[in-house]
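Listed in order, the protein sequences are those of chains A and B. Residues 1 to 239 (the numbering used here) make up the first sequence, in order. Residues 1 to 404 (the numbering used here) make up the second sequence, in order.
These are computed hints drawn from the structure, not numbers from a lab. Just so you know, even glycine gets a beta-carbon here, dropped at the ideal spot from N, CA and C. One thing to keep in mind: the hints can contain errors.
Here are the simulated PhoX-like pairs of lysine-lysine, each with C-alpha atoms no more than 25 Å apart in a straight line [claimed, not checked]:
| hint | chain 1 | residue 1 | chain 2 | residue 2 |
| --- | --- | --- | --- | --- |
| 1 | B | K221 | A | K133 |
| 2 | A | K122 | A | K138 |
| 3 | B | K242 | B | K66 |
| 4 | A | K133 | A | K122 |
| 5 | B | K5 | A | K122 |
| 6 | B | K216 | B | K65 |
| 7 | A | K148 | B | K72 |
| 8 | B | K5 | A | K148 |
| 9 | A | K148 | B | K15 |
| 10 | B | K242 | B | K72 |
| 11 | B | K72 | B | K216 |
| 12 | B | K195 | B | K69 |
| 13 | A | K143 | B | K9 |
| 14 | A | K122 | A | K148 |
| 15 | B | K9 | A | K122 |
| 16 | B | K5 | A | K143 |
| 17 | B | K5 | A | K133 |
Coverage of chain B stretches by chain A, computed from C-beta distances (three or more under 8 Å per stretch; other residues unrestricted) [unchecked claim]:
| hint | segment |
| --- | --- |
| 18 | 7-18 |
| 19 | 118-125 |
| 20 | 312-320 |
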Amino acid sequence: MDTQTQKTTALVQVTDISKIYNPGENEVRALDHVSLTINEGEFVAIIGQSGSGKSTLMNMLGCLDTPTSGTYMLHGVDVSHMTDDEQSDVRNREIGFIFQGFNLIQSLTAFENVELPLIYRKVPRRQRHQLAKAALEKVGLGKRMDHKPGELSGGQQQRVAIARAIAQAPPILLADEPTGNLDSASSRDIMNVIHSLYEEGRTVIIITHDPGIAAQAKRIITISDGHIIDDKINPSIEE
Amino acid sequence: MEYIKSSWKNITMNKARTVLTMLGIIIGISSVIAILSIGNGLKSDLTGSLDDMVGGAVTININTKKTPKTLKNDDLMVIADAIPIIRGVTPNVTQYGISYYRREMGTRIFGGNTSSACEFDKGFYSGKYYTQDDVDSGNDVCVMSQTSALLIFGSTDVQGLQFELTINETTRILTVVGVVRSDEAELERFREIVKSGDIDYFYADIYVPYSLLSDKYNLGKDEFTSFQIYPMPGQADEAAAKAKTLAENILDLRGQGAVAIQSYASLMEMYANVLDSVTMVIALVAAISLLVGGIGVMNIMTVTVTERTREIGIRKSLGARTSSILFQFLVESSMISLFAGFIGMILGFVFSSVLGKLAEIQAVVHASDVAMVVAISVFVGIFFGIYPARRAATLNPVDALRAE
Ligand SMILES: Nc1ncnc2c1ncn2[C@@H]1O[C@H](COP(=O)(O)OP(=O)(O)O)[C@@H](O)[C@H]1O
Ligand SMILES: [Mg+2]
Numbered sequence: 001m002d003t004q005t006q007k008t009t010a011l012v013q014v015t016d017i018s019k020i021y022n023p024g025e026n027e028v029r030a031l032d033h034v035s036l037t038i039n040e041g042e043f044v045a046i047i048g049q050s051g052s053g054k055s056t057l058m059n060m061l062g063c064l065d066t067p068t069s070g071t072y073m074l075h076g077v078d079v080s081h082m083t084d085d086e087q088s089d090v091r092n093r094e095i096g097f098i099f100q101g102f103n104l105i106q107s108l109t110a111f112e113n114v115e116l117p118l119i120y121r122k123v124p125r126r127q128r129h130q131l132a133k134a135a136l137e138k139v140g141l142g143k144r145m146d147h148k149p150g151e152l153s154g155g156q157q158q159r160v161a162i163a164r165a166i167a168q169a170p171p172i173l174l175a176d177e178p179t180g181n182l183d184s185a186s187s188r189d190i191m192n193v194i195h196s197l198y199e200e201g202r203t204v205i206i207i208t209h210d211p212g213i214a215a216q217a218k219r220i221i222t223i224s225d226g227h228i229i230d231d232k233i234n235p236s237i238e239e
Numbered sequence: 001m002e003y004i005k006s007s008w009k010n011i012t013m014n015k016a017r018t019v020l021t022m023l024g025i026i027i028g029i030s031s032v033i034a035i036l037s038i039g040n041g042l043k044s045d046l047t048g049s050l051d052d053m054v055g056g057a058v059t060i061n062i063n064t065k066k067t068p069k070t071l072k073n074d075d076l077m078v079i080a081d082a083i084p085i086i087r088g089v090t091p092n093v094t095q096y097g098i099s100y101y102r103r104e105m106g107t108r109i110f111g112g113n114t115s116s117a118c119e120f121d122k123g124f125y126s127g128k129y130y131t132q133d134d135v136d137s138g139n140d141v142c143v144m145s146q147t148s149a150l151l152i153f154g155s156t157d158v159q160g161l162q163f164e165l166t167i168n169e170t171t172r173i174l175t176v177v178g179v180v181r182s183d184e185a186e187l188e189r190f191r192e193i194v195k196s197g198d199i200d201y202f203y204a205d206i207y208v209p210y211s212l213l214s215d216k217y218n219l220g221k222d223e224f225t226s227f228q229i230y231p232m233p234g235q236a237d238e239a240a241a242k243a244k245t246l247a248e249n250i251l252d253l254r255g256q257g258a259v260a261i262q263s264y265a266s267l268m269e270m271y272a273n274v275l276d277s278v279t280m281v282i283a284l285v286a287a288i289s290l291l292v293g294g295i296g297v298m299n300i301m302t303v304t305v306t307e308r309t310r311e312i313g314i315r316k317s318l319g320a321r322t323s324s325i326l327f328q329f330l331v332e333s334s335m336i337s338l339f340a341g342f343i344g345m346i347l348g349f350v351f352s353s354v355l356g357k358l359a360e361i362q363a364v365v366h367a368s369d370v371a372m373v374v375a376i377s378v379f380v381g382i383f384f385g386i387y388p389a390r391r392a393a394t395l396n397p398v399d400a401l402r403a404e
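Bound-form chain A, shown alone (with noise of 0.2 Å):
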């Protein structure tokens, strides 16, 4: 692999996107304007008010929604334009997904959640089994892989959705406010597993409206009404 590419190339490169909700009478611009780059490797916060358009983002940058103009690149590949199908394989290869309901599949085990995103990348079945496996293991839920989502607590679940979005290691670790419906004590804790992810390489984008889980980032992106106001290192950490 060519180092110098990876350097040069920034991981996610979005330029000038905008989003507009029901075009016309009732207009929403959700996102006015946006520019971004994140490189491979960072840990970014993107911080803003409620409806100030960070969801938004996220389902820019997670592929899950098309931007009304502007484009995106993640890793060179223009990903804004592509058709469902095309955004499916690029979810599937480059992001994993945390959310703030964990958003498991209730009729599921935790092993089988885990074993989703690697049965639609057609991962055949004994190494499916071994990396479901191991990522369950790594979030500590090893002992829980058969149980339902309804069997175990919040913070189990946010674990198992963590073990989900790294069982096919993508490159960006992607959170919508991965511990907005959490305890203090369980927050805690996945943030301490998203800061060993972060550790090992992962690019983090982590998004939320709470300051103190936005500081734990090297770099915190502030966005209101639709536009990004501030980007900047985070202070508070040397690095």
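For this one, chain A is given, so just place chain B with the ligands on it according to the hints.
This is chain B with the ligands only, laid out in the frame that chain A set:
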């Protein structure tokens, strides 16, 4: 494999709902199977040849609605002589009357010629059959079986005895010239019946020269619309066909379908007609239930998709393509209808074998029918599942994730 596993989970999670959904398909498929297997059974029942018929006699009828022409005894003799594989031909005249010998006895009288002796393969207990002379002169003679002798005389040793026979107010005195052997068990049964005096529900059968009926009892003339042939063993079909053709030639009725072999073949035609209309009705029921069942599947799948919108969003966010979601829901709807199809098939088998027992038909199930049921079920599942499945598959992941 994963798809089947997860579909199974979802189907069994909501058992009552699934069973209700399957009901239409179960009814549809079970009626399809029932008609098919009973139909098959009936067909294989009816394809037996004329040789399997009791007594080996084949009756040939002239359709009186199509022609006024009739055959004479001489014509029958011509047919008998012309076809070497025919042992004999006799007119077929049946009358009902009363015998009297110390008491009355209901009697069926069969008028024929000497060839009708072929009817009896067990030989004579005493005496012999009536002769050509008896036929020529219309003599007052008759032949009967041992059981009929029991019914009329209360004894089997009746050769030479006389009794009164009344048909339509004409009474004559007949002499028994021969007694034909009956089956021993049958004979024993009739001894008991006669002893008990409970003979009101029985008929005695006697065989007389047809000329006795036509000339002495004045019942019609030497004009027959029905006759019987006695073919050589194993050649019934060919003999009947030849006799039919010859009769048509004699009457100059070629190609008009006025002469018919009364056999399983014509019975089968009648059955087939009945079966066809029954099949139509059941097929209609089946089609309607399959339609209703299919709509039920569609409905339940739409509900399922709505309930599981969030799950679909999650799956899509993890990289599921449109096709995998589509496939997942199609597998689910096909499994519901396939499962229903199997239940329907088993019910259909049970139903048809019960019906078959009642109607004394051996229900027959072909492998092709089973294959057809599987095909129909999967088709219904896919056809009615495709709309909700497509809706699920094309959901926008952002909207789907926001559901609930
Ligand atoms: N699907 C949508 N349709 C219409 N308006 C939307 C939709 N999603 C978000 N919005 C609007 O866009 C703005 C930004 O929303 P969002 O990105 O969810 O903000 P945040 O996550 O920061 O709370 C809000 O005003 C919200 O009401
Ligand atoms: Mg939000």
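Taking the numbered hints from earlier one at a time, note which ones the structure violates and give those numbers from smallest to largest.
Hints 1, 6, 7, 12, 19 not satisfied by this model.
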